[in-house]
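**Student:** Sequence:
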Amino acid sequence: MPNNEARRQFLKAGSLAAASGLLAGAASAQQPMDMKEMPMPHGHAGHSDNPQPKVPSDSDVQAEMDGFSRFKPSRGNDPDSDYYLGKLMPGFRSAAAGPAPFEAPDLTKLPWKMVRGAKEFHLVPMAVEREFLPGYKMNVYGYNGSMPGPTIEVNQGDRVRIVVTNELPEATTTHWHGFEMPVQYDGSETLTQNPIEPGKSFVYEFDVHEEGTFFYHAHVPMQEAFGSVGWFIVHPRKVFDPPVDRDFGLIFQNFFIEPTQTIADSWRMDWNWHTINGRSGPYTTPLVVKHGERVRIRLLDFSPMQHHPIHLHGHTFWVTGHEGARIPKSAWIPRNTELVGIAQASNFEFIANNPGDWMFHCHMVHHMMNHMTRQVGPRIRKNESIDQYLANTQSRPPVDATRDDPGFATPGYPQEMKGMNMSDAMIDTIWDRREVQGMRAMWPMSIMGLMTALRVLPEDLYHKVMETDEAVPKGSVFEEIVRRFGDPATYEAGPKKMMHDMKM
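Take the sequence shown: its letters are residues -29 to -1, 1 to 475, numbered as in mature numbering (1 follows the signal peptide of the UniProt record, and there is no 0).
These are computed hints drawn from the structure, not numbers from a lab. Keep in mind that a hint or two might mislead.
Capping the alpha-carbon separation at 16 Å, the derived lysine to aspartate or glutamate pairs in EDC-like fashion look like this [said to hold, decoys possible]:
hint, residue 1, residue 2
1, 90, 129
2, 300, 51
3, 25, 431
4, 90, 124
5, 84, 37
6, 209, 91
7, 80, 91
8, 90, 212
9, 300, 53
10, 300, 212
What follows is a set of in silico ranges between Cβ atoms, one per label pair, in the way DEER data are often shown [to be verified]:
hint, residue 1, residue 2, range
11, 38, 441, 36 to 46 Å
12, 178, 233, 33 to 43 Å
13, 461, 126, 22 to 32 Å
14, 178, 302, 24 to 34 Å
15, 38, 155, 24 to 34 Å
16, 305, 126, 21 to 31 Å
17, 34, 151, 41 to 51 Å
18, 33, 314, 34 to 44 Å
19, 302, 396, 21 to 31 Å
20, 86, 180, 15 to 25 Å
21, 154, 441, 33 to 43 Å
22, 163, 312, 20 to 30 Å
Glycine included, C-beta positions come from ideal geometry on N, C-alpha and C.
Using the sequences plus the hints, can you model the full thing?
**Tutor:** In structure tokens:
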């Protein structure tokens, strides 16, 4: 037995080495990567002959500050230190370069032009079709053909003019959430302005003296429940200290849509579709960053009536701001889970010092799923007659505790949660994005509903995934990260192909 175990561990390590060779080029004449050239932090398991990652030669930032490392999980020497958990550790981007570009995956930015001294935007509330999951197209409300709407991005001190032309089948207004402007432009229906009738326009114009994370939305409640929202980002005159390398925005929303419908029921008090920037996991787009970067994630909860405890795996972040204001540094709080309330936007900042594919999600169990997953949706046990229970609604079937799968029998109910088989087309659509290349083949089985992934990649792997069009074998990037930073002797590689008969 000891010999068999040793052979098993040897084969595991060998499979990882083979995967790293595949990563250099998908079954082609590409030269394999020289593993000795691949960086790996000192002190981790794996191949110890790899050097520690280094700060780029053109950057003056440090790899370690007061015991906190930019390149490996660490805490720091003193909780009172400015650099404890990376609190004030800067990114590679200098303040002189200006704010990092704002990125909202799967959403566009609203263009503008200077007209009479103001940045003029044209915003169009309208009914749109949004594909929550591949093949699942829903009819919702949005702006300019998108739900959520396109991002409005300006600088502190700008004067803005936003021409809103209503293409909805009903009257609307637009509220600029968190802004302090002349009252007539607040967008509160009938309180501050007459509703914008279908086909009509209204011009909002004001000076932006604030800085931070804001958003716009319809101020008609049922339109909010239908999805009418978008980012309004204001970059500060002086770049926030410390500057970040990446600046992401995620909008969390909930909808209830009947199994045979495509239109949300805005009167419902429960929700069966959960989206991030208009898509539901595993169709959400991962956030891909480079190892050692400072990252900001702005997260808006625009659910009708549900809060979200947001959890990031593998990292500890600092809560640095909420909608409308940067928090003084003395009041920043370190978290790995933060409750974000309805109509709140929170900013999280951290150093991406732990390579890998990490979940980022709402921690409410029924939000980590979709309408057609095992946990929720049409609840019909296959080949199970429910006539007796319809005839007598007081009756309930006994719980069968003898089955091999104890989850088969839902206590007190004659149902099993129906699953959703993934078609070839659905799988292809999910995989046909650079952001997911090299992830484990079965990853779509774990990312559901209000879930996405943060991918922290060494620079060479980031380049291969995000800056080339090379084919990257499934699982190869993950396995290479395990080889460099983990314990390859104990790693069990997953299947290289998704099994279509498995349920989501």
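**Student:** All the hints need checking, so say for each whether the structure fits it.
**Tutor:** Going down the list of hints, with the structure as the test:
1. 90 to 129: Between residue 90 and residue 129 the Cα gap is close to 7 Å, so the pair holds against 16 Å.
2. 300 to 51: Distance ~12 Å between residue 300 and residue 51 Cα, so the pair holds.
3. 25 to 431: Holds - the C-alpha atoms of residue 431 and residue 25 are around 13 Å apart, at most 16 Å.
4. 90 to 124: Status holds; Cα separation ~10 Å.
5. 84 to 37: Violated: residue 84 and residue 37 sit about 46 Å apart, past 16 Å.
6. 209 to 91: violated, 23 Å
7. 80 to 91: holds, 13 Å
8. 90 to 212: With a Cα-Cα distance of about 27 Å, the restraint between residue 90 and residue 212 is violated, given a limit of 16 Å.
9. 300 to 53: holds, 9 Å
10. 300 to 212: holds, 9 Å
11. 38 to 441: 36 to 46 Å: With a Cβ separation near 38 Å, residue 38 and residue 441 satisfy 36 to 46 Å, so the hint holds.
12. 178 to 233: 33 to 43 Å: holds, 41 Å
13. 461 to 126: 22 to 32 Å: violated, 50 Å
14. 178 to 302: 24 to 34 Å: holds, 28 Å
15. 38 to 155: 24 to 34 Å: The hint (24 to 34 Å, Cβ to Cβ) is violated, given that residue 38 and residue 155 are roughly 54 Å apart.
16. 305 to 126: 21 to 31 Å: holds, 30 Å
17. 34 to 151: 41 to 51 Å: holds, 42 Å
18. 33 to 314: 34 to 44 Å: The hint (34 to 44 Å, Cβ to Cβ) holds, given that residue 33 and residue 314 are roughly 39 Å apart.
19. 302 to 396: 21 to 31 Å: violated, 49 Å
20. 86 to 180: 15 to 25 Å: holds, 20 Å
21. 154 to 441: 33 to 43 Å: Given about 56 Å between the Cβ atoms, the range is violated.
22. 163 to 312: 20 to 30 Å: Since the Cβ atoms of residue 163 and residue 312 sit about 24 Å apart, the hinted range of 20 to 30 Å holds.
The structure does not agree with the numbered hints 5, 6, 8, 13, 15, 19 and 21 stated previously, though it agrees with the rest.
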